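Protein chains in written order, with my numbering: chain A, 49 to 125; chain C, 13 to 283.
Derived from the structure by calculation, the hints contain no laboratory data. Quick caveat, the model's predicted, so the values are computed rather than measured. Mixed in with the good hints there might be a few duds.
On the chain C side, residues computed to face chain A include the following (Cβ under 8 Å) [claimed, not checked]:
id, residue
1, Ser141
2, Ala196
3, Arg227
4, Ser231
5, Ser235
6, Arg255
7, Leu258
Derived, one-sided and incomplete: chain C residues facing chain A with beta-carbon distance under 7 Å [to be verified]:
id, residue
8, Tyr48
9, Gly134
10, Pro137
11, Arg240
12, Val252
Distance windows between CB atoms, simulated [what the hints assert, rightly or not]:
id, chain 1, residue 1, chain 2, residue 2, range
13, A, Ala62, C, Ala94, 21 to 29 Å
14, C, Asn17, A, Arg54, 57 to 65 Å
15, C, Arg280, A, Arg120, 45 to 53 Å
16, A, Glu79, C, Val213, 38 to 46 Å
17, A, Arg54, C, Glu108, 51 to 59 Å
18, A, Asp116, C, Glu178, 49 to 57 Å
19, A, Gln68, C, Gln32, 53 to 61 Å
20, C, Gly152, A, Glu79, 18 to 26 Å
21, A, Asp105, C, Gln182, 33 to 41 Å
22, C, Arg87, A, Asp116, 47 to 55 Å
Glycine is no exception: its CB is placed at the ideal position from the N, C-alpha and C atoms.
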Amino acid sequence: MSDPYRPEVRAWLAARSGEQQLTDSTDLFAEGLIDSFDLQELVSVIESMIGAEIILDDDNVHSFRTVDSIVRVWFRR
Amino acid sequence: MRLGNLTTVSRDASKRVWDQFDWPASIPLDMPWYSYDLLSCLGTNVIAAMSPDQILALSRAELNGFFSLNVHGIRLLLEGIAQRLHRPETPDDVSEYLHHLLDEENRHMWMFAAFCRRYGGGIAPNRMSKLATPSDAWGGDESFFGRVLVFERFVDRSNKILAEDETLPQIVREVNAAHRADEARHLVFGEGYFGALLSRVAPERRQEVIQYLGRYCESIVKSLCVGRSFESAEVVAPYVAARSVLASEAYAERLAATVADMMKPVLRSTR
């Protein structure tokens, strides 16, 4: 279930951040590639893919740190 | 800015809200709760495919989302104001007024939360992220009071529409009217103080704050277009529907107009 979404997530993030060298393990927060506004948008994008609500909190916010962790946490449930 | 006057009026108004409302046991479901013109999906294919009952259900969910946004926004405001109350750099008259602002905002938060709990099935989750990264201009008093200013401008604009909409239930109109009554003072204070803070920072920082606030305005408005509301209205694929609305031309046009209005006091402060 996860792999069909991986390229879509990566492409969205690359377009949003303008980072062409984005890999699946790039730390989006540490590299400053997405900020809180981008994250809000990303949550909405992932919700539309998984068809369920994501309630962002201090615990799960780190799952949005890399493409790998996004796919692992939100597409393999 | 005449802070003495604002403080006096705040003291006179301080007894309102707690016992102001005659909360009905329930609110009719066969009437809209949120103004049609404020619905997130207005002018899109999504609303065109919805039945009248689905639109009514969406209006209930989006009103609850709007009141929940107020609850979350006010909580952040209270935290930020409390941190700044007694700092040496906070002028005495500002500190004095901020105590009243805290008092009033606390009552507003209670009022919105009470509505959500009584009629809306609870407070909807906060959609605004606080993630701080190097590209955020989150910190600094000018950013904080700028956020407060545009947030209050946004809710006041919606409160006006909702308070004056005669198609809505009386209690919905009363809650919005009550909020408006106090917000007028907050907006006067907010614009004056934000302008004073902004005038003290370097031109580059000023530009950074203005840009940042523009994006902040967008995120406030977008936080009200969520899959959860379309799910409440039993729209097929509700989370896809929310994305489709956010990506629509009709939404983009209304978003731009709303953000332009929210930014007016910010831009006035730069002149």
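- Message: Please list, smallest to largest, the hint numbers that this structure does not respect.
- Response: 2, 8, 9, 13, 16 and 22
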